[in-house]
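Engineer: Generate coordinates for the entire structure from the input sequences, incorporating the hints supplied.
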Amino acid sequence: MEPNEYEVEVVHRQRAIYRVSAADREEAERLAVERWQQGEPSALPGLEWGELDSVYAREAPDERSLEQDAELVLRFLRERERLILRLGGAGGSPAGNDAISANQVAADLGWSRRGGEGPDQVRAASALERLCDSRRVVCFERPRVRAGERGEIRLYCTPEYLERLTSSALEEVEQPAI
6 MEPNEYEVEV VHRQRAIYRV SAADREEAER LAVERWQQGE PSALPGLEWG ELDSVYAREA
66 PDERSLEQDA ELVLRFLRER ERLILRLGGA GGSPAGNDAI SANQVAADLG WSRRGGEGPD
126 QVRAASALER LCDSRRVVCF ERPRVRAGER GEIRLYCTPE YLERLTSSAL EEVEQPAI
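The numbering of the sequence shown is this note's numbering, which starts it at 6 and goes up by one.
Honestly, the hints are just simulated from the structure, not real lab data.
Since this is a predicted model, take the numbers as computed values, not measurements.
There could be a bad hint or two in this list.
[What the hints assert, rightly or not] Pair by pair, the computed Cβ-Cβ distance ranges are: (1) Leu49 - Glu165: 19 to 29 angstroms; (2) Gln43 - Leu90: 35 to 45 angstroms; (3) Arg147 - Val16: 31 to 41 angstroms; (4) Glu157 - Tyr61: 17 to 27 angstroms; (5) Asp113 - Glu157: 13 to 23 angstroms; (6) Ile22 - Arg87: 46 to 56 angstroms.
Cβ atoms here follow ideal geometry from the backbone N, Cα and C, with glycine treated the same way.
Structural biologist: Here's what the structure looks like:
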């Protein structure tokens, strides 16, 4: 019997201690978070720790299911972008914040993990990355901006939307200041 293939998500928490020079407590916290976001090791060995929060495994989907997910996500992105432009009015211009994360795609499509334990971000990311590989969707990363988050977040939009976004940004740059 041939073994099954699984996708396994491992979620953990960690703690790191940093020694920083700062004018006040708020600045010290900001500087420490920046170090943490860059992945710097703890300044006090032995007090750094990681704790396993959860492990989630599921059988890896077959090729047909992966393709169906990708097509559904592409239709969703196109409709979402069309709606954003329509709600913006005739002169509505796209904005960089209009790109979407895998977590938000999963939530909007109602894809949840077993037992309703939040959006199935892995399923959405698999579909989005498949679309990126075939160049039907554009992906880019930006730093995470929410408190307590670390690293980069990957965002997605269609190439057509990115083109509109780029054109809109160029028009703003080319307009003379009054």
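Engineer: Each of the hints needs a verdict: does it hold here or not?
Structural biologist: Right, here's what the structure says about each hint:
{"no.": "1", "hint": "Leu49 - Glu165: 19 to 29 angstroms", "verdict": "51 angstroms, violated"}
{"no.": "2", "hint": "Gln43 - Leu90: 35 to 45 angstroms", "verdict": "37 angstroms, holds"}
{"no.": "3", "hint": "Arg147 - Val16: 31 to 41 angstroms", "verdict": "22 angstroms, violated"}
{"no.": "4", "hint": "Glu157 - Tyr61: 17 to 27 angstroms", "verdict": "22 angstroms, holds"}
{"no.": "5", "hint": "Asp113 - Glu157: 13 to 23 angstroms", "verdict": "21 angstroms, holds"}
{"no.": "6", "hint": "Ile22 - Arg87: 46 to 56 angstroms", "verdict": "49 angstroms, holds"}
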